[in-house]
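Based on these hints, arrange chain R on the given structure of chain X.
Taken in order, these protein sequences are the chains called X and R. Anchor point for the first sequence: position 124 equals 124 in the working numbering, and the numbering is continuous, going up by one each time. Anchor point for the second sequence: position 127 equals 127 in the working numbering, and the numbering is continuous, going up by one each time.
It should be emphasised that the hints constitute simulated quantities derived from the structure, not laboratory data. The C-beta atom is built at its ideal place from N, Cα and C for all residues, glycine as well. Check the hints yourself; a few may be wrong.
Using 30 Å as the maximum straight-line C-alpha spacing, the simulated DSBU-like pairs for lysine-lysine come out as follows [said to hold, decoys possible]:
no.	chain 1	residue 1	chain 2	residue 2
1	R	Lys179	R	Lys248
2	R	Lys156	R	Lys248
3	R	Lys92	X	Lys108
4	R	Lys156	X	Lys145
5	R	Lys206	R	Lys105
6	R	Lys292	X	Lys95
7	R	Lys235	X	Lys60
8	R	Lys105	R	Lys271
9	R	Lys248	X	Lys108
10	R	Lys269	X	Lys87
11	R	Lys177	R	Lys271
12	R	Lys105	X	Lys48
13	X	Lys57	X	Lys152
14	R	Lys271	X	Lys108
15	R	Lys235	X	Lys87
16	X	Lys87	R	Lys292
17	X	Lys68	X	Lys57
18	X	Lys75	R	Lys267
19	R	Lys179	R	Lys235
20	X	Lys53	R	Lys156
21	X	Lys53	R	Lys323
22	X	Lys87	X	Lys75
23	X	Lys75	X	Lys57
24	X	Lys108	R	Lys235
25	X	Lys87	R	Lys267
26	X	Lys95	X	Lys137
27	X	Lys48	X	Lys145
28	R	Lys269	R	Lys248
29	X	Lys53	X	Lys152
What follows is a set of in silico ranges between Cβ atoms, one per label pair, in the way DEER data are often shown [unchecked claim]:
no.	chain 1	residue 1	chain 2	residue 2	range
30	R	Phe82	X	Lys48	50 to 58 Å
31	X	Asp51	R	Asp326	50 to 58 Å
32	R	Asn76	X	Lys48	55 to 63 Å
33	X	Pro40	R	Asp134	47 to 55 Å
34	R	Lys271	X	Lys48	30 to 38 Å
35	X	Ser50	R	Trp199	31 to 39 Å
36	R	Ala96	X	Lys152	28 to 36 Å
37	R	Gly192	X	Lys152	44 to 52 Å
38	X	Ser50	R	Asp134	53 to 61 Å
39	X	Asp65	R	Glu322	58 to 66 Å
40	X	Pro40	R	Gly153	22 to 30 Å
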Amino acid sequence: MTFQTFSIPVYRKYLSILLLLFAGLIINAQDVTLTAISHPRGAPAIMKMSDLKSILKGEKQRWSDGTKVSIVLMKTNTSTGEITCQKIYSMSGDKVKRFWLGLSFSGKADAPTFCNSVAELESIVAQTPGAIGIIDKVSTGTGIKIIMVDGKNSF
Amino acid sequence: MPRLKSISIVCTLLVFICNSSGLYSQNTQIRGFVDALAGLQKGKVSFSLGEQDLFITSELSDRFSFLGESVFRFTNTTPTKFSVSIERVVIKYNIAGNHNILLGKHHTPINYWNDTYHHGRVLFPTIFRPLLFDANIIPLHTTGISLQGQNLGDMKFGYDLMVGNGIGSTDVLDNDKRKSITAAVHLKPVEGLRFGLSWYNDVITKGAATHDGMLLGWTVNQNLFTGSIAYFGDKFEVLAEGTTGTNKTDTTGSQHTTAAYIYTGFKIKEKIVPYLRLDNLHFGQGEIFYNKNNTTSIVAGIRYNINYVTALKLEYQHQHGEKEGDTNRLTMQLAIGF
Numbered sequence: 001m002t003f004q005t006f007s008i009p010v011y012r013k014y015l016s017i018l019l020l021l022f023a024g025l026i027i028n029a030q031d032v033t034l035t036a037i038s039h040p041r042g043a044p045a046i047m048k049m050s051d052l053k054s055i056l057k058g059e060k061q062r063w064s065d066g067t068k069v070s071i072v073l074m075k076t077n078t079s080t081g082e083i084t085c086q087k088i089y090s091m092s093g094d095k096v097k098r099f100w101l102g103l104s105f106s107g108k109a110d111a112p113t114f115c116n117s118v119a120e121l122e123s124i125v126a127q128t129p130g131a132i133g134i135i136d137k138v139s140t141g142t143g144i145k146i147i148m149v150d151g152k153n154s155f
Numbered sequence: 001m002p003r004l005k006s007i008s009i010v011c012t013l014l015v016f017i018c019n020s021s022g023l024y025s026q027n028t029q030i031r032g033f034v035d036a037l038a039g040l041q042k043g044k045v046s047f048s049l050g051e052q053d054l055f056i057t058s059e060l061s062d063r064f065s066f067l068g069e070s071v072f073r074f075t076n077t078t079p080t081k082f083s084v085s086i087e088r089v090v091i092k093y094n095i096a097g098n099h100n101i102l103l104g105k106h107h108t109p110i111n112y113w114n115d116t117y118h119h120g121r122v123l124f125p126t127i128f129r130p131l132l133f134d135a136n137i138i139p140l141h142t143t144g145i146s147l148q149g150q151n152l153g154d155m156k157f158g159y160d161l162m163v164g165n166g167i168g169s170t171d172v173l174d175n176d177k178r179k180s181i182t183a184a185v186h187l188k189p190v191e192g193l194r195f196g197l198s199w200y201n202d203v204i205t206k207g208a209a210t211h212d213g214m215l216l217g218w219t220v221n222q223n224l225f226t227g228s229i230a231y232f233g234d235k236f237e238v239l240a241e242g243t244t245g246t247n248k249t250d251t252t253g254s255q256h257t258t259a260a261y262i263y264t265g266f267k268i269k270e271k272i273v274p275y276l277r278l279d280n281l282h283f284g285q286g287e288i289f290y291n292k293n294n295t296t297s298i299v300a301g302i303r304y305n306i307n308y309v310t311a312l313k314l315e316y317q318h319q320h321g322e323k324e325g326d327t328n329r330l331t332m333q334l335a336i337g338f
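So that you can see chain R by itself, here it is in the shape it has in the complex:
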């Protein structure tokens, strides 16, 4: 009986897929991004290659679609000095209307930046990502399944509900029985404006490796709460996001860490945008999950959108870290899409 049941489930799935496929002609597109940089730091000019990002989208059928994103980047530890990483592999099934099921490796839909720009440097408003990404405050990727809805009703409500392998897992195996949960909602009440809130929870087993590669000495119950406001209008651009992380263990209690940034840009001409970004990382005393390094940073720059797939940016960053003290750098980036 269990065997018959399995066969009937497989047959139902096949019929379902075939019906949704129909005579659909597959539409596949391959596109990419790449960037090159020149930087001045500590009196030395260096040229560098950024990431080469390839992304593929394919409409497999009337309801199934695929999105893949692979990044080639410099990695000093490999024999070729380069490595390839699979950033996203997402198979999407449209259930009904604007509701979808997504399966695969995702950029965790915790905040606006992570769920919007991915590795498309030409789309970034600044050259580098905000510090909360570099400090590994949020899990950038999650492999799992999610339910997504978007542009619902007059307020253009959207949601993401994701269950995935938690922190310490790989893309092919979860390290424990506990799954991570992400719940995110957003509203787009007027053109260009978006408000977002999200919650992430995971119980990370003792001995698991954190994003920083640190092995945990305790089992940690982690909750992340994120709020974001994004406005990209004809003249002004504002993007502000903040995440509060609570890491709780039975022995050390709860530690709270806050990471936030605010970006603002003003278009002096349609293609020229001077901008500012302020970042702040504040870790709780006795933080056991993150690498504690209270940091503030100010970025001032100018972006020239040469065309829709070419952007030239010049920016200065002053950063003060608890560990490394003051650092300054001037960077120029040419980012393209192809």
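The shape of chain X in the complex, shown without the other chains:
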């Protein structure tokens, strides 16, 4: 009986902590928003989500101004990279890497540049005409522009 009187409050306490953590995780996964950025040359300022997905799957070689499309992504083992894989590719990080391995091996597309940090990604995008990248914040970096996707700055 001693066990019961002691354990119930403890059990409740830990259960509520677990529930809060779980709820936090759910909110976190839904709350993280991504932003598409690009070099001033190449990508349009406004884009549909379907077009963005198509571009990030290597289905477009050149922008309408003739600039070569270069894809820059966060590494799939970073939190932003993981969310990019879910939101853009609807795949796990491993599957995205396999997808790109197959595509580059068949010679159908150039593999993206994968970055360790947002700063590195922004720097590459700023230096590469035609580059497009995905980050987890509304960027304030110089030499880059934000692409509005389905009328929004982030998605």
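The following block gives chain R in isolation, referenced to the frame of chain X:
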């Protein structure tokens, strides 16, 4: 005047290349695949090395890129017991949008498997290639020039139009004046689904060696028609391809051969895929171009994708051939990418 014309063409080409190069920083990547196998056949277990495949991709300029694929494999006839083969050397020039010109040695874009998996065993859905490859029904390689377009429009239409050295040629010299022609189209209407059709034509001169090394006693006009359906979704995988080959000579008339396979897989977990493949080879009576050996085969296996560059496969194959009768084998393969 002809000399001036040649110089002006060379100068124009140089300006063209320099303009497209600009200050482009060259991005070169070297990657590869290798596999190791263990097999049980006729009561005996054997371990074997698969192919070691190296592929290089390089973005030479804004519009030029290069892809090379070389394979090192066991070959009993060489002093070192190994040989190196150049499987692909492709220089690509992007003309505009998604349209490219490709020059070099290609895997002939006749069907899905040949144009997708190449020698990347970790990417293969099964351990071995379908029988239509082993039976040399299609020309696996073509050295030549091609025009390629991909992901055009909402249906993601794609095309390949290739002119190359025909069957009996080498990678450096065509054995006759006639060129092989490959025309292929495909559609990708929804994610993961691809429909493809292709036509291959070549006139193969009398005396030329076929894929099987057989010397032809006649000049053969060959037409190959191929259809394919590929679907790789979250749960199901289906890949079906069929090729009909017509070999016509003035003396023997037309002979028709059909080769087909269907692969299907079902993901019981994200990384575990049990699969089946059925193969059928049916040669026309009096076939003069292929080595006639009507064959059927069933493959049942399971694939475990450990990670994106490591796959473990275990499969059983039962095969019935007109010449060799029934054969059975159990094979395990560990394929990796690096």
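Here's how the hints hold up against the structure:
no., hint, result
1, R:Lys179 <-> R:Lys248, "holds, 17 Å"
2, R:Lys156 <-> R:Lys248, "violated, 35 Å"
3, R:Lys92 <-> X:Lys108, "holds, 10 Å"
4, R:Lys156 <-> X:Lys145, "holds, 28 Å"
5, R:Lys206 <-> R:Lys105, "holds, 24 Å"
6, R:Lys292 <-> X:Lys95, "violated, 41 Å"
7, R:Lys235 <-> X:Lys60, "holds, 27 Å"
8, R:Lys105 <-> R:Lys271, "violated, 34 Å"
9, R:Lys248 <-> X:Lys108, "violated, 35 Å"
10, R:Lys269 <-> X:Lys87, "holds, 21 Å"
11, R:Lys177 <-> R:Lys271, "violated, 50 Å"
12, R:Lys105 <-> X:Lys48, "violated, 38 Å"
13, X:Lys57 <-> X:Lys152, "holds, 21 Å"
14, R:Lys271 <-> X:Lys108, "holds, 25 Å"
15, R:Lys235 <-> X:Lys87, "holds, 19 Å"
16, X:Lys87 <-> R:Lys292, "violated, 52 Å"
17, X:Lys68 <-> X:Lys57, "holds, 15 Å"
18, X:Lys75 <-> R:Lys267, "holds, 26 Å"
19, R:Lys179 <-> R:Lys235, "violated, 43 Å"
20, X:Lys53 <-> R:Lys156, "holds, 14 Å"
21, X:Lys53 <-> R:Lys323, "violated, 51 Å"
22, X:Lys87 <-> X:Lys75, "holds, 15 Å"
23, X:Lys75 <-> X:Lys57, "holds, 15 Å"
24, X:Lys108 <-> R:Lys235, "holds, 25 Å"
25, X:Lys87 <-> R:Lys267, "holds, 22 Å"
26, X:Lys95 <-> X:Lys137, "holds, 24 Å"
27, X:Lys48 <-> X:Lys145, "holds, 16 Å"
28, R:Lys269 <-> R:Lys248, "violated, 49 Å"
29, X:Lys53 <-> X:Lys152, "holds, 15 Å"
30, R:Phe82 <-> X:Lys48: 50 to 58 Å, "holds, 52 Å"
31, X:Asp51 <-> R:Asp326: 50 to 58 Å, "holds, 54 Å"
32, R:Asn76 <-> X:Lys48: 55 to 63 Å, "holds, 57 Å"
33, X:Pro40 <-> R:Asp134: 47 to 55 Å, "holds, 53 Å"
34, R:Lys271 <-> X:Lys48: 30 to 38 Å, "holds, 33 Å"
35, X:Ser50 <-> R:Trp199: 31 to 39 Å, "holds, 33 Å"
36, R:Ala96 <-> X:Lys152: 28 to 36 Å, "holds, 31 Å"
37, R:Gly192 <-> X:Lys152: 44 to 52 Å, "violated, 28 Å"
38, X:Ser50 <-> R:Asp134: 53 to 61 Å, "violated, 41 Å"
39, X:Asp65 <-> R:Glu322: 58 to 66 Å, "holds, 60 Å"
40, X:Pro40 <-> R:Gly153: 22 to 30 Å, "holds, 28 Å"
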